[in-house]
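A.B. asks: Those sequence lines, one after another, are chains A and B.
Okay, so the first sequence: first residue is -4 according to my numbering, each after it adds one.
Okay, so the second sequence: first residue is 4 according to my numbering, each after it adds one.
Mixed in with the good hints there might be a few duds.
[What the hints assert, rightly or not] Residues from chain B shown here face chain A by an in silico Cβ test under 7 angstroms; the list is partial: (1) G28; (2) S70; (3) N76; (4) S77; (5) M90; (6) A96; (7) R97; (8) D117; (9) V121; (10) G122; (11) V259.
Rather than coming from a laboratory, the hints here were simulated on the basis of the structure.
Virtual Cβ for every residue (Gly too), placed ideally from N, Cα, C.
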Amino acid sequence: MSQFLEFTVLGLILGSVYAISATGLVVTYTTSGVFNFAHGAVGMIAAYGYWELVTHHVPGALAMVLVVLVAAPVFGVFIEWLLMRRLLGDTGERPVMVTLGLLAILIGLALVLFGENRGDTLSPLVNGTIRILGVGVTAQDLVIAGSAAAIAAALRVLFHSFRLGVALRAVVDDPELLATAGASPVAMSRTGWVLGSVLAALAGVLLAQQQQTSLDTYTLALLVVSGFAAAVFGRLRSVPLTYAGGLVLGLAVVYFGSYAQPHLGTLGPDLSAALPMIFLFAALIALPSVRLRAVGRLSTLRPPRVATGWESLIAAGAFCLVALACSMTLTGTVAGGTSSFGVILDHTMAYGIVGLSLVLLVGYAGQVSLCQFAFMGIGAFLMGKVAGGGSLLGLLLAAVVCAALGALIALPTVRLRGLYFTLATFAFADAAYTGIFPDTRVLGQGLNVGQIVLPGLSFGSNRAVFLLLAAAFVLTALLVLAIRRSLLGRRLVALQDSPAAYATVGLNAAFTKVAVFAIAAGLAGLAGALYGTAAGTVGTSDFDIFTGVVFVLFVVVWSVRTVSGAFLAALSFAVLTHVWTNGVGLFAGAGIVLVGWTPNGILGIGPLARLVPERWIGRRHRATGDAGSLVGVVDGREGEIRAAG
Amino acid sequence: MPPADAPAAERPAHAAGRPVLEVRGVAVHFGGVSALTDVSLSVAAGSVTGLIGPNGAGKTTLFNVVSGLQAPNSGTVTFEGRDLARMPPHRRARLGIARTFQRLELFGTLTAEDNVRVGLESSIRWWQWRRLRASFPWAHDVSGDGARAAGSRVVSLADRLLAGVGLAGHEDQQSSAMPTGNARMVELARALAMQPKLLLLDEPGSGLDEHESEALGTLLLQLAADGMAVLLVEHDMELVMRVCDRVHVLDFGHVVASGSPDEIRADPRVQTAYLGAPSGGARPPGGGR
């Protein structure tokens, strides 16, 4: 019994940690309509700032005030002005992308300024231990638990009892309506970002003090991820429910780790790390479906022109020649390792295929997925395990199993709003990365994937493997372009433009979404299998969730609506990860600022846009029908459509 | 081509009069606000039925109930005798219910032609490989003449539908860049591409000039003459009175009057609720063009 009490107290304290970060998320969401993936990163920067001040002999309390009440509000105002203002009311993929970019840039900054981690810990603001119910609790833990409860109570009062709070909540519902009621949506959104930053900074400093390990950039920035489940439990709106969700989650994690995990033993992978994400997935599935509505908001985006069949064939031919020329520089066998130029080439092709899957998914269908790297990992795993590794069967299974898995994930979640769908993909990616891949029976530190052997062809040399990857990339690019120009492509774009109209012309939106997600997952699995076979050995770190998120940003920065965008993203990503690792996040973050101005990415600006003409060129047979022949057209349609098939 | 003002008697006898859509006692509440209260009406095949009423009377809500975007709190909607309750929008559309939207719901980043093509190809299912394959670009670009012809037939059909609503020459324009009147006609062409049995038109005439409006009226009469059931929400009284066989007047979620255009014009309740002017003017004050 005393053990149970101890676990309960521990669980409540852990729950308070989740609750603090989750309420901050909810505040930003309710006041600006933006789900801030960078919430934890703001806290991480605040913790580092606090640490710097304290090591320069600023008293702890003063440092806390400076960081939480001075620096954080300024930061909030700055972020709102720089990034968020032009996205107010945007329902597309850009707000999510911009906060992910902010996450990347803050982590990049921290890596450059402070390194991956600091050897020393922050000393807590208050010292001492208190015994509650016979359990020893540090004063710092009590401060955290108290703060979590106080913040939740204060926010609840603010949102429901003050005019400001009510106006703040109205921003997310309808900024235009709020403006007509005399309040400025921009001012409200700014207030929301200030409030959110303050809470993030407070959480960051408190949690960094509580962490018994050293200050770690990734740990701090992604600490809030566990809070996602609590925030979704509160439906991103209710502060009290979020607080309760945090406590329940904390208890569940502690109870599971203490009671269930020991009995599971070595049967399954260590699930306790993945538990918050499993929780998040469950909370998402429990959400009500989004109601199909005619919103009357016309998509005015001018998409880049889609290449015609001949154009793409010519481009593919040219690409093959360049790939052939590049392959001439490659020597040696896969087993003997390759030059870093060779690695960059291989990675460009493999990432390129993942980029193409994102063009299909994000660019055409408007579904943001953050788990393509998880599918890559699964693809590499299958390639390494099936039939002794490196078999054609493994390659096929990588695509097929990932597609099936994609459909399985999409089935319960496509009915949700776009943001929730993205969160579900994030939950899957995180669960795979923290819970499944590290298991030595899956990927662990390294899994030997083996060289691919196709019937009659051996791919032992670096040159041959690169050419195989290049061929796969070109074929995938042709496939993606062909899909775009087929009725499937028209349907994907139509679905993104107007789900209500899509349904009222007789098309099943849920089915289309599941199908495109499955296709994209299959492509990512294929890319993972090829990546594995080129690398020889892959480990968990190859499919890092954060790297996967940053890669999505790269594609969006270059242009998520074109095949060239996917290629340039893969190339720059492969080069940067080899040349300047810390710069990867900075590039993505800096680029994403641009996306606020140009929705089509770098390839959509100025002179570059003229290279990719925005005008749609029709070179098709024109009809000869006159205005009066409509009824005849309607009559004849059925027969003609049949004949067309 | 039948004359513009074809009298009802000349329409095919098999179609006219058979009720396609029946709305019985439909009520919709948003929180405490009643958008529709006990609305009943029917729409017959081969006729144009008008639905008029001031803004906020519940016309668009009724369209949403019929097309499945809004679940009613009570009441039934039947289409060709089938109860539509719980049927999702896309299945209703497959039964033959097409609609346009008052606030445009175009596929904005697609061209006018591709908007219509999505409608034309909507009957193609994912497992129908042959038909699917015909839509792929290599059918036009790199393969033989047979496939090319099959693919281009859909294109030419789309273009003829666009020409039919007066948009010949606008095929390659991005639909979100079109003026409202043209954009409405793209929606109409897209709806017609589905070959519907019941066509719900939500203010198709707004944004059209006098000539276009007249052509629209002619088109609606032709569609009805061919057996289609048309339910028309419109503020342009001239158009309503010219093309409708029956008119229902909706006010504050109630049907306050139903009858022929002449009866409606003469009904004093309608004049107070909607037309305003006691002289029986055909236009709402300031509302006509």
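A.B. asks: Decide, hint by hint, whether the structure agrees.
C.D. replies: Here's how the hints hold up against the structure:
Hint on G28(B) is violated. Least Cβ distance to chain A is approximately 23 angstroms, over the 7 angstroms limit. Nearest Cβ of chain A to the Cβ of S70(B): about 5 angstroms, under the 7 angstroms cut. The hint holds. Annotation: interface hint on N76(B) violated; nearest CB of chain A at approximately 14 angstroms, more than 7 angstroms. Checking S77(B) against chain A by beta carbon gives a least distance of about 18 angstroms; that is not within 7 angstroms, so the hint is violated.
Here the hint on M90(B) is broken, as its CB sits about 11 angstroms from the closest CB of chain A, past 7 angstroms. For A96(B), the shortest C-beta to C-beta distance to chain A is roughly 3 angstroms, which falls under 7 angstroms, so the interface hint holds. Using the Cβ-Cβ criterion of 7 angstroms, the hint placing R97(B) at the interface with chain A is satisfied: the shortest such distance is roughly 5 angstroms. A distance limit of 7 angstroms between C-beta atoms decides the matter here; for D117(B) the minimum to chain A is near 5 angstroms, and the interface restraint holds.
A least Cβ separation of about 5 angstroms between V121(B) and chain A falls short of the 7 angstroms threshold, and the interface hint therefore holds. Restraint check, G122(B) versus chain A: the minimum CB separation of about 5 angstroms is within 7 angstroms; hint holds. Nearest Cβ of chain A to the Cβ of V259(B): about 25 angstroms, over the 7 angstroms cut. The hint is violated.
The structure does not agree with the numbered hints 1, 3, 4, 5, 11 stated previously, though it agrees with the rest.
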